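S.K.: Sequence:
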Amino acid sequence: MRSDDDERLLSAGYGRTFIVMSFLVATFNFADRSVFAVTAQQIKADLSLSDFQLGILQGVAFALLYALLGVPIGRLAERVSRVKIITAAIVFWSMITMACSLVGSFAQLMLCRIGVGVGEAGSQPATSSLVGDLFPRERRASIMGLILLGSPIGTFVGASVGGAVSGVWGWRAAFIVMGLPGVLLGLLVLLLLREPRRGLADNLPPVQAPAPNFGVFLKVVGRKPALMFVIAGGALAGFGMSSISQFLAVFLARVYDLPVRSAGALYGTISALALGSGLLIGSFGTDWLARRGDGRWPAWGAAIGLFIAPFSYWIAFNAATPALGTVLLIISGCFLLLYYGPTIGMIQNLLEPRMRATGAAVFGMFYTLVGYGGGPTFVGWMSDRFAASSFQGGDYLTLCRATAAKAQAIDALHRACATASAEGLRSALMSAVCVFFVAGIMFLFAARTLRRDYYVAEAVA
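In my numbering, the protein residues as written are 3 to 463.
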């Protein structure tokens with residue numbers, strides 16, 4: 003039997019409160035990430051960095067501990083209050099975001115980026131697990147889609163506000179402005195959200211066995227090929243998506259010769275519209291098709307978007323004007339993001355309640371290591387290589403890094419460096435999106451056993 007407290011947590015009113023607060027957490031999560039992306043060109047000049055170092059700061063430095071701590075935090079979320087985990091996570095990462103304003107070297111900034119990754123590792127597994135306990139299976143992808151709308155809004159806010167602030171007061175001020183509100187949000191989460199019992203939406207009994215150990219979880223994964231392919235497909239898609247998201251503002255500034263503020267505004271607009279439309283269409287569209295037709299539509303929809311995205315991006319990266327490029331990048335991002343909401347929903351629906359936080363954490367680990375860890379680092383490295391091969395004035399890295407740092411090079415050299423860096427980044431991004439083809443194949447493999455592998459609860463009266 004469900005208690006009065008259970009019924010309140012399952013009510014439409016509390017559901018709306020949970021969605022709004024989780025949406026805000028996701029918003030600040032991505033705002034803190036995007037402020038680095040939009041100020042990267044300023045940071046590069048101020049600290050005399052290469053694109054490869056920028057890639058490390060946006061990739062490996064952020065991803066390493068995020069990935070390594072994600073699974074332990076996910077396991078912890080199977081046993082302790084997930085609301086408290088989310089609160090601690092957002093307060094910590096917001097404080098470290100503000101600390102980025104104090105750095106004076108690549109090494110110091112890398113330590114801060116590692117700290118941000120540590121904080122952000124805690125929110126996604128706990129939030130995904132709460133969705134599984136508060137909403138029925140047929141609504142989980144849609145609910146995650148609504149929550150994940152915080153990612154485009156956060157990207158837009160971080161890019162727009164961060165770009166505007168950095169354009170006036172510098173990149174350090176932008177990190178302070180974006181970090182401070184997150185501390186206040188953490189306190190609101192603690193005040194407004196409540197911890198539901200495990201399996202509430204699946205009508206499981208209040209008294210349950212302890213959370214299965216990690217070995218049991220691995221055995222379950224081994225029996226569900228669909229789960230393995232969904233995680234693999236999502237991680238590979240994350241490689242290309244992270245490559246684009248972390249270097250898109252830099253791409254716009256270089257290729258179209260835009261100031262930081264203008265590039266930030268365009269980046270925010272592209273991200274908000276592409277992510278928002280892709281998440282909504284992917285989440286609600288595949289849920290609707292699955293309810294009315296075939297339960298494999300979440301995997302099929304993800305694959306369709308991923309197969310179209312590379313062609314669309316290749317055209318977008320070669321657009322002649324910022325206006326045309328903006329439109330094409332929005333369309334491309336919409337196709338790409340068809341995969342994300344269904345991926346989170348499928349992982350929740352394939353696992354029993356006491357494994358959902360762990361499942362989200364394992365996905366987060368692979369997504370972060372392959373996506374954020376590999377994607378931006380690969381693009382930064384390839385960008386330097388492509389730029390060096392097209393630069394005719396000598397040693398590209400030596401001459402052009404000095405030009406950016408001191409801003410006193412001969413005009414001809416400055417133009418040659420700018421052209422080489424723009425073309426290098428364009429070629430690197432066009433290479434990175436090829437991974438979407440492989441990701442799409444993974445989702446087609448997942449579709450073969452998806453209906454068989456779904457978790458079915460044994461309901462109680």
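Since the hints were derived computationally from the structure, they do not count as laboratory data. One should not assume that every hint holds.
[To be verified] Restricting the straight-line Cα-Cα distance to at most 20 angstroms, the calculated cross-link-like pairs of lysine to any residue (SDA-like) are:
{"#": "1", "residue 1": "Lys46", "residue 2": "Gly169"}
{"#": "2", "residue 1": "Lys86", "residue 2": "Leu187"}
{"#": "3", "residue 1": "Lys221", "residue 2": "Tyr456"}
{"#": "4", "residue 1": "Lys86", "residue 2": "Lys226"}
{"#": "5", "residue 1": "Lys46", "residue 2": "Gly172"}
{"#": "6", "residue 1": "Lys226", "residue 2": "Glu354"}
{"#": "7", "residue 1": "Lys46", "residue 2": "Met100"}
{"#": "8", "residue 1": "Lys226", "residue 2": "Phe368"}
{"#": "9", "residue 1": "Lys46", "residue 2": "Leu193"}
{"#": "10", "residue 1": "Lys221", "residue 2": "Trp316"}
Just so you know, these numbers come straight off a predicted model, no measurement behind them.
S.K.: With reference to the structure, classify each hint as holding or not holding.
M.R.: Verification of the hints:
Among the hinted pairs, Lys46 with Gly169 is consistent with the structure: their alpha-carbon atoms are about 15 angstroms apart, no more than 20 angstroms. This hinted pair checks out: Lys86 and Leu187 have alpha carbons roughly 13 angstroms apart, not beyond 20 angstroms. Of the supplied pair hints, the one linking Lys221 and Tyr456 holds, its CA atoms being roughly 15 angstroms apart against a limit of 20 angstroms. For the proposed pair Lys86 and Lys226, the alpha carbon gap of about 31 angstroms is over 20 angstroms, so the pair is violated.
Restraint check: the Cα-Cα separation between Lys46 and Gly172 comes to about 13 angstroms, which is no more than 20 angstroms; the hinted pair holds. Between Lys226 and Glu354, the direct Cα distance comes to roughly 12 angstroms. Compliance with the 20 angstroms bound is thereby established for this hinted pair. Distance check on the hinted pair: Lys46 and Met100 sit about 18 angstroms apart at the alpha-carbon level, within 20 angstroms; holds. A hinted pair counts as satisfied when its Cα atoms are at most 20 angstroms apart, and Lys226 with Phe368 qualifies at roughly 17 angstroms.
Distance restraint check for Lys46 and Leu193: the Cα-Cα separation of roughly 40 angstroms exceeds the 20 angstroms cut-off, and the hinted pair is therefore not satisfied. For a cut-off of 20 angstroms, the pair hint linking Lys221 to Trp316 is broken: about 41 angstroms separates their Cα positions.
Hint violations for this structure: numbers 4, 9 and 10, all remaining hints satisfied.
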